[in-house]
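With the hints as constraints, model all of the structure from the sequences given.
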Amino acid sequence: MSTFLYNPDRKNKQDLIDEFVIRNKVLKGIFSDIQSGDMKYPEQHYLLLGPEGTGKTTLLLRLKYAVEDDPVLNKWLLPVIFREEQYHIWKLSDVWEQIATYLEDEYGFDGLTKEIVKHVQDKYFEENVFNILTKALDKQKKKIILLVDNIGDLLKRFDRIEVHRLRAILQTDAHIRLIATTPEVLIEVIDYTQPLFEFFKVIYLQGLDYDESVLLLSKLAALNNETKKIDRIIDKNPSRIETLRMLSGGTPRTIALLFQIFVDNEYGNALNDLEKVLDAFTPLYKHRMDDLPAQQQRIVDAVARNWEAISVKQLTERLRMESKIISAQLGQLEKNQVIEKRATSTKNHIYLLQERFFNIWYLMRYGRKQDRESVIWLVKFLEMWSDKKELEKRTINYISKIQKRDLDKRSEEFYAQTYSFFEKIKPEIKSSLKNNIPEHFSQLIDSVFALLITKHYQLALNTLNKSMTEDSEYLKHHVIFYITKYFTENKNEDLFISLGSEKKETVLKLITSLVQTQIKFEKTGGI
Amino acid sequence: MKNIIGSPARGHNFYERGREVKKITDSLRNGNNIQITAPRRVGKTSILLHLLDNDIAGHHYVYVDTENITDEQSFYQKLLMEILKNDKISGSRQLIAGFKNGTNRFFRKIKSIQLLNTGIAFNNESPERDYCDEFEDFLTGYAGAEDAELVILIDEFPQTIENIRKNSEQSAIQFLQRKRALRLNPEISKKVKFIYTGSIGLNQTVSVLSATATINDLNSIEVGPLSETEAKDLFRKLLESNTRIVHSSAEECLQEVLQWYIPFHIQLLVQEIVNNTADNDLITVAVVEKALNKIIDLRYKNHFDHYYTRLKTHFTDESFKYANAVLKEIAEKNAVNKKILGELALQYQVTEHRHIIESLLYDGYIYFEDATRFYRFNSPILQRWWLKFICET
Numbered sequence: 001m002s003t004f005l006y007n008p009d010r011k012n013k014q015d016l017i018d019e020f021v022i023r024n025k026v027l028k029g030i031f032s033d034i035q036s037g038d039m040k041y042p043e044q045h046y047l048l049l050g051p052e053g054t055g056k057t058t059l060l061l062r063l064k065y066a067v068e069d070d071p072v073l074n075k076w077l078l079p080v081i082f083r084e085e086q087y088h089i090w091k092l093s094d095v096w097e098q099i100a101t102y103l104e105d106e107y108g109f110d111g112l113t114k115e116i117v118k119h120v121q122d123k124y125f126e127e128n129v130f131n132i133l134t135k136a137l138d139k140q141k142k143k144i145i146l147l148v149d150n151i152g153d154l155l156k157r158f159d160r161i162e163v164h165r166l167r168a169i170l171q172t173d174a175h176i177r178l179i180a181t182t183p184e185v186l187i188e189v190i191d192y193t194q195p196l197f198e199f200f201k202v203i204y205l206q207g208l209d210y211d212e213s214v215l216l217l218s219k220l221a222a223l224n225n226e227t228k229k230i231d232r233i234i235d236k237n238p239s240r241i242e243t244l245r246m247l248s249g250g251t252p253r254t255i256a257l258l259f260q261i262f263v264d265n266e267y268g269n270a271l272n273d274l275e276k277v278l279d280a281f282t283p284l285y286k287h288r289m290d291d292l293p294a295q296q297q298r299i300v301d302a303v304a305r306n307w308e309a310i311s312v313k314q315l316t317e318r319l320r321m322e323s324k325i326i327s328a329q330l331g332q333l334e335k336n337q338v339i340e341k342r343a344t345s346t347k348n349h350i351y352l353l354q355e356r357f358f359n360i361w362y363l364m365r366y367g368r369k370q371d372r373e374s375v376i377w378l379v380k381f382l383e384m385w386s387d388k389k390e391l392e393k394r395t396i397n398y399i400s401k402i403q404k405r406d407l408d409k410r411s412e413e414f415y416a417q418t419y420s421f422f423e424k425i426k427p428e429i430k431s432s433l434k435n436n437i438p439e440h441f442s443q444l445i446d447s448v449f450a451l452l453i454t455k456h457y458q459l460a461l462n463t464l465n466k467s468m469t470e471d472s473e474y475l476k477h478h479v480i481f482y483i484t485k486y487f488t489e490n491k492n493e494d495l496f497i498s499l500g501s502e503k504k505e506t507v508l509k510l511i512t513s514l515v516q517t518q519i520k521f522e523k524t525g526g527i
Numbered sequence: 001m002k003n004i005i006g007s008p009a010r011g012h013n014f015y016e017r018g019r020e021v022k023k024i025t026d027s028l029r030n031g032n033n034i035q036i037t038a039p040r041r042v043g044k045t046s047i048l049l050h051l052l053d054n055d056i057a058g059h060h061y062v063y064v065d066t067e068n069i070t071d072e073q074s075f076y077q078k079l080l081m082e083i084l085k086n087d088k089i090s091g092s093r094q095l096i097a098g099f100k101n102g103t104n105r106f107f108r109k110i111k112s113i114q115l116l117n118t119g120i121a122f123n124n125e126s127p128e129r130d131y132c133d134e135f136e137d138f139l140t141g142y143a144g145a146e147d148a149e150l151v152i153l154i155d156e157f158p159q160t161i162e163n164i165r166k167n168s169e170q171s172a173i174q175f176l177q178r179k180r181a182l183r184l185n186p187e188i189s190k191k192v193k194f195i196y197t198g199s200i201g202l203n204q205t206v207s208v209l210s211a212t213a214t215i216n217d218l219n220s221i222e223v224g225p226l227s228e229t230e231a232k233d234l235f236r237k238l239l240e241s242n243t244r245i246v247h248s249s250a251e252e253c254l255q256e257v258l259q260w261y262i263p264f265h266i267q268l269l270v271q272e273i274v275n276n277t278a279d280n281d282l283i284t285v286a287v288v289e290k291a292l293n294k295i296i297d298l299r300y301k302n303h304f305d306h307y308y309t310r311l312k313t314h315f316t317d318e319s320f321k322y323a324n325a326v327l328k329e330i331a332e333k334n335a336v337n338k339k340i341l342g343e344l345a346l347q348y349q350v351t352e353h354r355h356i357i358e359s360l361l362y363d364g365y366i367y368f369e370d371a372t373r374f375y376r377f378n379s380p381i382l383q384r385w386w387l388k389f390i391c392e393t
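Protein chains in written order, with our numbering: chain C, 1 to 527; chain U, 1 to 393.
Hint data in this document are derived by calculation from the structure and do not stem from the laboratory. Don't take every hint at face value.
Computed Cβ-Cβ distance ranges for the label pairs, DEER-style [stated by the list, open to error]:
hint : chain 1 : residue 1 : chain 2 : residue 2 : range
1    : U       : Ser248    : C       : Pro238    : 37 to 43 Å
2    : C       : Tyr87     : U       : Cys391    : 45 to 51 Å
3    : C       : Val72     : U       : Cys391    : 32 to 38 Å
4    : C       : Asp290    : U       : Ser220    : 46 to 52 Å
5    : U       : Gly58     : C       : Ile17     : 48 to 54 Å
Below are the EDC-like pairs computed for lysine to aspartate or glutamate, each with C-alpha atoms no more than 20 Å apart in a straight line [claimed, not checked]:
hint : chain 1 : residue 1 : chain 2 : residue 2
6    : C       : Lys219    : C       : Asp231
7    : U       : Lys111    : C       : Glu68
8    : C       : Lys141    : C       : Glu115
9    : U       : Lys294    : C       : Glu340
10   : C       : Lys141    : C       : Asp231
11   : U       : Lys85     : U       : Asp53
12   : C       : Lys40     : U       : Asp87
13   : U       : Lys312    : U       : Asp233
14   : U       : Lys23     : U       : Asp71
15   : U       : Lys190    : U       : Asp26
16   : C       : Lys341    : U       : Asp297
17   : C       : Lys135    : U       : Asp87
18   : C       : Lys139    : U       : Asp130
19   : U       : Lys237    : C       : Asp33
20   : C       : Lys123    : U       : Asp87
21   : C       : Lys123    : U       : Asp297
Stretches of chain U that chain C covers, calculated by requiring three or more beta carbons in the stretch to come under 8 Å of a beta carbon on chain C [said to hold, decoys possible]:
hint : stretch
22   : 154–164
23   : 206–212
Keep in mind it's a predicted model, so treat the numbers as computed, not measured. Each residue gets a CB set at the ideal place from its N, CA and C atoms; glycine is no exception.
Right under this line is the structure:
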């Protein structure tokens, strides 16, 4: 599967269909709209929005195959797909010419391009090419579903009048239905002075939720003969899936790339390949960085180097940029799902890179190379990846390897520096509930849980508040605190605003399980 | 009925706008040429296309989107081409006869039209010609030969004027003057009518050229929001066609959460509800509230952002600061009286503050509630968005 992570269009049709396990709701929604429309009038046009690796190209291809395989649609609707790199398209007439070539190559519209060539000198060339195209389609009683990957690349090459013309055609002519993708929010769609302002139905491809991650991991496991291992993780250690989602931001391509490390869940060798895995991300992440405007690159750099969430004020000091500019750029970065905003108890928000693995990659590639900082990326990875027990096992394993002289000198030093960091780890950084409770909190948390099960909510909150003075930072960020607040604040989900989406899901899951336990508890008469 | 967003809704997907259609057909019957005014996203184009698709009142309708046209010649060429694409016109026995027997002196002059076995068609082959003259001759010929009234629906007309103005203001003014002369031509106006609309205001575009006199013959028809009953009906139909079950509490809360029933806001709400729920789910007031919160979440910020951007481009300096302060005040206090607005004007040293308030009223930001004598936001969604993104930053 990983062979085609960057080029799903090179995967054969049957494999792509078989491996398509996520984004089914989006596929179903768009496809049923296509099935139920006869294109008598222009139909709804779509824009799929999601950062790289979220499955846009795969979804376009899946739609193409769905249309091809539908016995009713394939009689009159022809999918025409434009790959991401359309370097030869510079004006609107090039789009029509490219469609004509595609129709000739794929669907036997012989002579179409020859007919077009006759008109190259026409004053109204674009209009004439479009008329030739639509006449050819009418003659064969066909319509087109045009699938364009990364439409922003095309739009920025057209002049404004051409974009107006494109809009007019899509709005009035029923020969072509457009389904396009974009990795970033397009100015052409959000600026109300632009012709395509709010023209599309925009579908946001968000990070995968827990269930979707499980589906993807199970499919990856089946393809890699690791089903037993994955089933065991799902069954025994679901918090690990949450960690994976947090690291990857729920991006399917990142999950797929991290798969081998993921299944090697216990002090195996795969971690040694982490550097190689990180390198495999370079095309994805470098592209992401290179595509940003200069000011945004500076901001992302500062946020990434900070690792922890950072405020606008701190960024202002570090970058010596006006806070107004920083806020505006952060807003844009948030829209494009690069940066995530977290609320605090004050009006000032704090910001961090949404995909934590992107941050780790950034630290590895651009971190300082001279001192202990050179291993910081691995430290960050291990902090997120491993629970306390596992870290201990890893350290013991490392010590045993040193004793057996199994490691080369560089690795020896490298891991020595890495593991030396962990003495200072604060427990609050860690993500999951079960595996990261510091010893002296276990008892407190057990008693709070017991109070919640017996519905003594206020008492549970009081117990927590009492302990706040000592370890307030830790407790304020602990899921148990949110669970208790949920019950004491009339089940108001607003209190989750300051949580990341992954942690929120964990909290909600625990609440559900807690409610089930409450019911069970009541049924058994409180025994 | 599908929930169409962005593109105009047509056929079964068009929600009947009986009142607006009647206003238009009544005005046409009274011999008017028309401009349709309304903020973006109220459904102007969908109404035009409804006229076109249903031959309302037995007229021949031709719809032309002219937003990419940058000169007068191309404009008339495009109009002529689109008119001849209409089967009823190209196949009209009267018009064919007019071209065949050469009795119609106007048709005799036209080079852009050829006679085919199937009827008349646009002639691309012959050399360059003056399309303004050809168009005028065609309309005059049409008016003399054809029984059915021809109604030409020109969408994005103000954009065309803008495009021409960018090349030359003088050309834009001449274009408008000639257009007016064409409309008022006594022969043509017997059988041909024009309806203009667009995403940007025609009055505003023309006033930039100091040429308001060139459109003073147009009857202005405003497309309003839906009524409460219509809004609830549309909401239910859209959700039911997505196999959702609508609980009465969801319908009832629309009054509170939407108030200003423009189809776009209803469509957005429905889209969000559909995204958050599954087939056969019951849609209650809680589901609506959750969807509404998501609509004004960051990812939807741009649906409302243009209200703020527009304010910045429409007003300058102190006027902008005042307009912004007024909207912030109303958003925060929910309702504000004239006295407060006067005090704010003093604070921002704005002398003509009534014009600014009128402009905010006209552009759909706020309304004046007669019963209480308070100004309020038209749309509670916009108010909530304003609170979240403008007041808090």
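A quick look at each hint next to the structure:
| no. | hint | in the structure |
| --- | --- | --- |
| 1 | U:Ser248 - C:Pro238: 37 to 43 Å | holds, 40 Å |
| 2 | C:Tyr87 - U:Cys391: 45 to 51 Å | holds, 46 Å |
| 3 | C:Val72 - U:Cys391: 32 to 38 Å | violated, 52 Å |
| 4 | C:Asp290 - U:Ser220: 46 to 52 Å | holds, 51 Å |
| 5 | U:Gly58 - C:Ile17: 48 to 54 Å | holds, 51 Å |
| 6 | C:Lys219 - C:Asp231 | holds, 11 Å |
| 7 | U:Lys111 - C:Glu68 | violated, 45 Å |
| 8 | C:Lys141 - C:Glu115 | holds, 19 Å |
| 9 | U:Lys294 - C:Glu340 | holds, 16 Å |
| 10 | C:Lys141 - C:Asp231 | violated, 50 Å |
| 11 | U:Lys85 - U:Asp53 | holds, 14 Å |
| 12 | C:Lys40 - U:Asp87 | holds, 15 Å |
| 13 | U:Lys312 - U:Asp233 | violated, 36 Å |
| 14 | U:Lys23 - U:Asp71 | violated, 32 Å |
| 15 | U:Lys190 - U:Asp26 | holds, 16 Å |
| 16 | C:Lys341 - U:Asp297 | holds, 12 Å |
| 17 | C:Lys135 - U:Asp87 | holds, 15 Å |
| 18 | C:Lys139 - U:Asp130 | violated, 32 Å |
| 19 | U:Lys237 - C:Asp33 | holds, 16 Å |
| 20 | C:Lys123 - U:Asp87 | violated, 26 Å |
| 21 | C:Lys123 - U:Asp297 | violated, 47 Å |
| 22 | 154–164 | holds (count 3) |
| 23 | 206–212 | violated (count 0) |
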